[in-house]
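Residue numbers (the working numbering), protein chains in the order written: chain A, 1 to 174; chain B, 1001 to 1377.
Hints may be right or wrong, so weigh each one.
[Stated by the list, open to error] Restraint-style ranges between C-beta atoms, simulated for each label pair: (1) A:135 / B:1104: 31 to 37 Å; (2) A:143 / B:1090: 34 to 40 Å; (3) B:1289 / A:51: 26 to 32 Å; (4) A:156 / B:1362: 22 to 28 Å; (5) B:1321 / A:58: 30 to 36 Å; (6) B:1289 / A:164: 39 to 45 Å; (7) B:1308 / A:164: 48 to 54 Å; (8) B:1348 / A:113: 49 to 55 Å; (9) A:113 / B:1355: 54 to 60 Å; (10) A:164 / B:1216: 40 to 46 Å; (11) B:1102 / A:156: 25 to 31 Å; (12) B:1020 / A:51: 46 to 52 Å; (13) B:1360 / A:150: 55 to 61 Å.
Hints in this document: simulated from the structure, not taken from any laboratory. Keep in mind that this is a model prediction, so the values were computed, not measured. Heads up, the beta-carbon is just placed ideally off N, CA and C, and yes, glycines get one too.
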Amino acid sequence: MGHARARPAILPDAIILVWLHLRSQGIAATPNTEILMERKIRVLVAKPGLDGHDRGAKVIASAFRDAGFEVIYTGLHQTPEMIVSAAVQEDVDVVALSVLSGAHMTLFPRVLELLREAGADHMLLTGGGIIPEEDIEALAGLGVGRLFGPGTTTTEAVAYIREWSERQPQDLVG
Amino acid sequence: MTRPEEPAGGVGPLDGALSALLDRFRSGQRMALARAISLVEGERPGFDAFLHAALVAGTRAARVGLTGPPGAGKSSLVAQVAAHYRRQDQDVGIVAVDPTSPFSGGALLGDRIRMNDLATDPGIFIRSMATRGSMGGLAAATREVMDLMDAFGLDRLIVETVGVGQTELEITGAADTVVVVLVPESGDSIQAMKAGLMEIADIFVVNKADRPGADRVAKEVTLALHLRAGEALRDVPAHHGVDLRRLAGGERGESGDDGGGPVVGEPMDQAVPEAPGWEIPVLKTVAQNGDGVPELIDAIASHKKYLDESGELEGRRRRRAGARVVDVVERELGRRVWGAAGASAILEDGVERIRRGEATPYSVASQVVDNLIRHGL
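Just chain A, same shape as in the assembly:
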């Protein structure tokens, strides 16, 4: 904030310079369409179930925001129905659940099922929490994405979502 307030006049030049830099790397074609309208990754961060420990969810939500994602945070005590309803309305790319209660083998499959019913099976379902290795494998078999355990850095989670997003067709509208 301090920088922007000190020298507001720097902004247009900065945009042009950033654009020139990206353009030199072949990323941007024109300033207004590519830089300013770059496709945002939208992520729903939700905390299903009854446990009230939302520190992890808040940390990851902030990290996603700082990575340039648009994060929809729904708060505590979400049912799978609430999560999927929000995911559909917000047209997110990624649904990230934080599950510390041990109910992951119920919650993840249920959310996955509801996403499919809602025609939202193009979304990535991922998350984190205290989840044993064999459960992670079983959930992966159902179509759940990577699940992150304790000790994961936020950088890892951000990189995973970025890489997943880059593999998706960018003009997807249907």
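Since the structure of chain A is provided, determine the placement of chain B on it from the hints.
Chain B alone, transformed into the frame defined by chain A:
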């Protein structure tokens, strides 16, 4: 009715994927509305043709906007108002806008936290939008997103602005009725707010009215409104059907003659911007428990009635349509300017010459525009 395939002016036809999306949109699939919103919000290829096809049947939903400082309880109040409309069996669309970080480009959109009671209601559609660099309290595509919700068949639309204080004036272009939400702690800032928020309110709400100071703030707002409107003249136009503002200063403005206009014209123009017959109510609510919400609903309905009967709604919508066309033209021109052959080279070269002190942003800009004209529009 115009067929979607039919190009209108410069708007191209829909391709296969968009055409399929439009079909699903028209058949009422919520996922299709959500995807259409993303299409329009991201200005992805074909978004303008899609908007045209979706909106060609016209729009009809009543639109209410809530604005006010951060922490005023806008989201909770939106949830209460929406729940009220749901009890009348109306379908409600909500657009909640939060700021994009200018540094990371990311955003944390948390308004749904206050709307959890509505989360699984099939008659509610909530969309969070990040401002993505747009100023004025709304995102660039907020109005378009509301149009889509309207065309989708939702009966009521509620938009909640970013709570940053003084710059949410764009809401007047998106809503028929603007509700400004304050809290008891807002007292000291009312003087400052006169310059911005005071002018755009159709209804004032002092939320969290169970806290000390609510009455005082309500009184201060009422007083400020009376001072602003000029007590003596305020109700005259409504009673006699004579618009004093026009008599006093309106014609003068149009003729460009600044000389001998009556002194009274100036303050009246600002005091009563577009609703000489509407007395702005100051209400008290407690969004947490719903106190005062029925009165707010009534006030919104009365304002809508006033807008309809006075012809003001028609006027507002015409101005809004005009402003929208200007917006779209400007965006399209921008796209063409930068899409024209050589434009990027001129910019790149221009930046370098500015750095060396051989050019100014103005001379380079003029070159960029000339370039577009040379290559033909």
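How the hints compare with the structure:
1. A:135 / B:1104: 31 to 37 Å: Distance hint for residue 135 (chain A), residue 1104 (chain B) holds at roughly 33 Å.
2. A:143 / B:1090: 34 to 40 Å: 37 Å, holds
3. B:1289 / A:51: 26 to 32 Å: At 27 Å between Cβs, range holds.
4. A:156 / B:1362: 22 to 28 Å: At roughly 48 Å between Cβ atoms, residue 1362 (chain B) and residue 156 (chain A) fall outside 22 to 28 Å, so the hint is violated.
5. B:1321 / A:58: 30 to 36 Å: 42 Å, violated
6. B:1289 / A:164: 39 to 45 Å: This hint holds: roughly 43 Å between Cβ atoms.
7. B:1308 / A:164: 48 to 54 Å: This hint holds: roughly 50 Å between Cβ atoms.
8. B:1348 / A:113: 49 to 55 Å: 52 Å, holds
9. A:113 / B:1355: 54 to 60 Å: About 58 Å separates the Cβ atoms of residue 113 (chain A) and residue 1355 (chain B), which means 54 to 60 Å holds.
10. A:164 / B:1216: 40 to 46 Å: With a Cβ separation near 54 Å, residue 164 (chain A) and residue 1216 (chain B) fall outside 40 to 46 Å, so the hint is violated.
11. B:1102 / A:156: 25 to 31 Å: Holds, since residue 1102 (chain B) and residue 156 (chain A) (Cβ atoms, about 26 Å apart) stay within the stated range.
12. B:1020 / A:51: 46 to 52 Å: 41 Å, violated
13. B:1360 / A:150: 55 to 61 Å: About 57 Å separates the Cβ atoms of residue 1360 (chain B) and residue 150 (chain A), which means 55 to 61 Å holds.
When each numbered hint is compared with the structure, violations occur for hints 4, 5, 10, 12.
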